[in-house]
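A.B. asks: The listed protein sequences correspond, in order, to chains A and B.
Following my numbering, the numbering of the first sequence begins with 7 at its first residue and continues without gaps.
Following my numbering, the numbering of the second sequence begins with 251 at its first residue and continues without gaps.
If you're looking for bench data, these hints aren't it; they were derived computationally from the structure.
Ideal Cβ positions, reconstructed from N, Cα and C, are used throughout, including at glycine.
Don't take each hint at face value.
[To be verified] Residues of chain A clear of chain B, computed beta-carbon distances all greater than 10 Å:
#, residue
1, ILE30
2, THR51
3, LEU58
4, LYS91
5, VAL98
6, GLU117
7, ALA130
8, GLN148
[What the hints assert, rightly or not] Listed next, the in silico PhoX-like pairs over lysine-lysine satisfying Cα-Cα at most 20 Å (straight line):
#, chain 1, residue 1, chain 2, residue 2
9, A, LYS127, B, LYS277
10, A, LYS88, A, LYS99
11, A, LYS164, B, LYS290
12, B, LYS277, A, LYS136
13, A, LYS136, B, LYS254
14, A, LYS70, A, LYS127
15, B, LYS588, A, LYS164
16, B, LYS327, A, LYS164
17, B, LYS537, B, LYS501
18, B, LYS588, B, LYS566
[Stated by the list, open to error] Among the chain A residues that face chain B by a calculated CB cut under 10 Å, a handful are:
#, residue
19, LYS88
20, VAL90
21, TRP93
22, LYS99
23, MET101
24, VAL111
25, VAL122
26, LYS127
27, ASP135
28, ASP150
29, GLU155
30, GLU156
31, GLU162
32, HIS167
In case you want the letters, here they are:
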Amino acid sequence: MAELPNTTMANECKVKLKSKDDKIFEVEYAVAMQSQTLKNALAHTGCTDTALPLHDISSQILAKVIEYCEYHVNAANTISEKDVKTWDEELVKHMDQDTLFRLIVAAKYLEIHNLVDLMCKTIADRIKDKSVEELREIFHVQNDFTPEEEEQVRRETKWAHGE
Amino acid sequence: MEIKIDRLSDLPDNLLCCNILSRLPLKDAIRTSLLSHRWKSLWRNIPHIDFSQSFFDSLIRLTCRLAETAEMKSSVKYIENVINNILSLHSTSLESVRFDLSFQGGQNRLGGKILNNVSIEQCIKGAAVKGVKRVSLYYRGMCRRQVPSSLFACELLRVLEMEGFWITEIPSDFRGFLFLKACSLLDVGDLTDARLQQLLALCPHLEKLVIKRCAGLFNLRICAPNLSYLNLGTSSIENFTADCPQLVELKIKDCFMLCKFELNSSPFLQEMEPSDISSLKEIPALKSLKKLSLRIGLDTPFGVLISTFSDLEELKIKDILIQDMVAGEVVSDTAFPKLKKVDVRISSDIWGQKEVGLLDFLLSNAPKLNSMALRHAPVGTTLFTDPEFMSQFMSQI
């Protein structure tokens, strides 16, 4: 496996990524390494000028992923954990739901674990303290229960639906 | 125009369950079962169940609302039914379960009384059947609670955390927690030396052990071939023998009665926080110690420190009451040849001669010292970690 052996080469290597809509993004090697998927891919190909195609990720989402990875690489030893956390919170605070979900799918595909965790935590926060009706409304979940089925599920865990 | 796609339900099972639902309070997680067929059983695979304070709190409020005069017995039964129901609906395997039985509103209120009578015996039995690996039991209240005997049926336990319970009896058919890796016993009543032995005797994989405020212990003997971290804070202990060849970190705090302390062959011991240094004089195991934190007043001259801890790299002195500091006592030229970092906190109000003498002593006997932090408890901290300052300071000596 042609993994980049020495650090100087790693420092100079620029990784090219191609989004679904054929836009090319260039990132530092260290930034690309935040993604386990890219790490594995690059171990096979070595540093290459060919752009790695990311068929399911749009340029808008890819830009956000790169923004996250770049910040975290730079923050690694220089910025306090508390400030990093604040930055993360700012990133997701007003994020619209659509972007949120597209981002989590992208992060999952690219295996960027911190980003997946951040997205999941955000989604969990948006689920918390909401009634079932509110959740269906917010997340557009289709109710495919028959009235009898729904009644049965409700009865099973009655206490949870009480308040 | 907004496209209303349900992207949430499109996420993979594993992500929804282990990364999203598992972050929610139990009630919110279970509530999702009503969303759609897809969601009906998702929550049942959450790896851990947290019966938290707020969980019990909302249940108690519910029972008090359901009946005009919340009858104790029926409320207790209701809550037991709910928790047992949850366990039975949950899937066949469970990683960890936590119970916090401390009632938020105070013990004298009806809610507290109800919760004090709720038995988790069957619930833990259900968890044991599902091969639970981690059990955490918390209770902070007026008096302790009895530990459920079904706890001892959790044979696959890897982590056990207990606070505020008492163990009156260990079932005679208890075969030991053979897979236990970490154990934390805080404020556990009726824990005699024998009972502790029985609890931990068959734990060959034990790596981390914390024992605090367990006032039934007097002669403590810990034989744990894989133990690397040990934290003791129990004032009743008089004798302590540790046979832990893999021990790396040892903390002993508030063990006021400790008069005999034996540490047998712990070559990897790196970090220690003993409560009294005079008991450590003749322990050869301490030669390799790299980090030392001293907590209680120091009556022994610093000569002990020198002869015992020659490999020390980091020294932290907290709450030191300097009684008998012999300033400038030097045994050899390089008393602390490897000492790099010192952190001193002194409680006296005046930065007096003794305190300066201590600093002087350290500076004279630690040629590799590059960082020194001086703190005046309890208010404020002064930090001198600038190497330039240090070299200046040292050149003045």
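A.B. asks: It remains to establish, for every hint, whether it holds in the given structure.
C.D. replies: Evaluation of the provided hints:
The claim that ILE30/A is not at the interface with chain B holds, since no C-beta of that chain comes within 10 Å of its own (minimum 27 Å). Residue placement check: THR51/A keeps its beta carbon more than 10 Å from all beta carbons of chain B (closest about 27 Å). The claim that LEU58/A lies off the interface holds: its Cβ sits roughly 23 Å from the closest Cβ of chain B, which is beyond the 10 Å cut-off. The claim that LYS91/A lies off the interface holds: its Cβ sits roughly 16 Å from the closest Cβ of chain B, which is beyond the 10 Å cut-off.
The Cβ of VAL98/A lies farther than 10 Å from every Cβ of chain B, with a closest approach of about 14 Å, so its non-interface assignment holds. With 10 Å as the threshold on Cβ separation, the claim that GLU117/A sits away from chain B holds: the shortest Cβ distance comes to roughly 12 Å. The non-interface label for ALA130/A is inconsistent with chain B: the shortest C-beta to C-beta separation is roughly 4 Å, within 10 Å. Interface exclusion of GLN148/A from chain B breaks down, the closest Cβ pair being 6 Å apart, not more than 10 Å.
At roughly 17 Å between alpha-carbon atoms, LYS127/A and LYS277/B fall within 20 Å of each other, so this suggested pair holds. Distance hint between LYS88/A and LYS99/A is fulfilled; the C-alpha atoms sit about 16 Å from each other, no more than 20 Å. Distance restraint check for LYS164/A and LYS290/B: the Cα-Cα separation of roughly 14 Å lies within the 20 Å cut-off, and the hinted pair is therefore satisfied. For the given pair, LYS277/B sits about 11 Å from LYS136/A by alpha-carbon distance, which is consistent with the 20 Å threshold.
The suggested pairing of LYS136/A with LYS254/B holds, with an alpha-carbon distance near 19 Å, which does not exceed 20 Å. Taking the CA atoms of LYS70/A and LYS127/A, the gap is near 17 Å; set against the 20 Å cutoff, the hint holds. Taking the CA atoms of LYS588/B and LYS164/A, the gap is about 65 Å. The hint is violated against a cut of 20 Å. Simply put, LYS327/B and LYS164/A have alpha-carbon atoms about 15 Å apart, close enough for the 20 Å limit, and the pair holds.
Annotation: proposed proximity of LYS537/B to LYS501/B holds, straight-line Cα distance about 17 Å (limit 20 Å). The straight-line distance between the Cα atoms of LYS588/B and LYS566/B is roughly 14 Å, inside the 20 Å bound, and the hint therefore holds. Hint status for LYS88/A relative to chain B: violated, with the closest Cβ pair at about 18 Å, above 10 Å. At a threshold of 10 Å, the smallest CB-CB gap from VAL90/A to chain B is about 19 Å, leaving the interface hint violated.
Contact between TRP93/A and chain B, as hinted, is not supported at the beta carbon level, the nearest pair being about 20 Å apart and thus beyond 10 Å. For LYS99/A, the suggested interface contact is broken, since its CB lies about 18 Å from the closest CB of chain B, more than 10 Å. A hinted interface residue such as MET101/A counts as satisfied when its beta carbon comes closer than 10 Å to some beta carbon of chain B; here the least separation is about 13 Å, so the hint is violated. For VAL111/A, the suggested interface contact is upheld, since its CB lies about 8 Å from the closest CB of chain B, less than 10 Å.
The restraint placing VAL122/A at the interface with chain B holds, with a minimum CB-CB distance near 7 Å, inside the 10 Å limit. Against a cut-off of 10 Å between C-beta atoms, the interface hint on LYS127/A holds, since the closest Cβ of chain B lies about 6 Å away. Here the hint on ASP135/A is kept, as its CB sits about 7 Å from the closest CB of chain B, short of 10 Å. Because the smallest distance between the Cβ of ASP150/A and any Cβ of chain B comes to about 5 Å, under 10 Å, the interface hint for this residue holds.
Among the interface hints, the one on GLU155/A holds; its C-beta lies about 8 Å from the nearest C-beta in chain B, closer than the 10 Å criterion. Checking GLU156/A against chain B: minimum C-beta separation of about 7 Å stays under 10 Å; hint holds. Hint status for GLU162/A relative to chain B: holds, with the closest Cβ pair at about 7 Å, below 10 Å. The beta carbon of HIS167/A is positioned within 10 Å of a beta carbon in chain B (closest approach about 6 Å), and the interface hint is therefore held.
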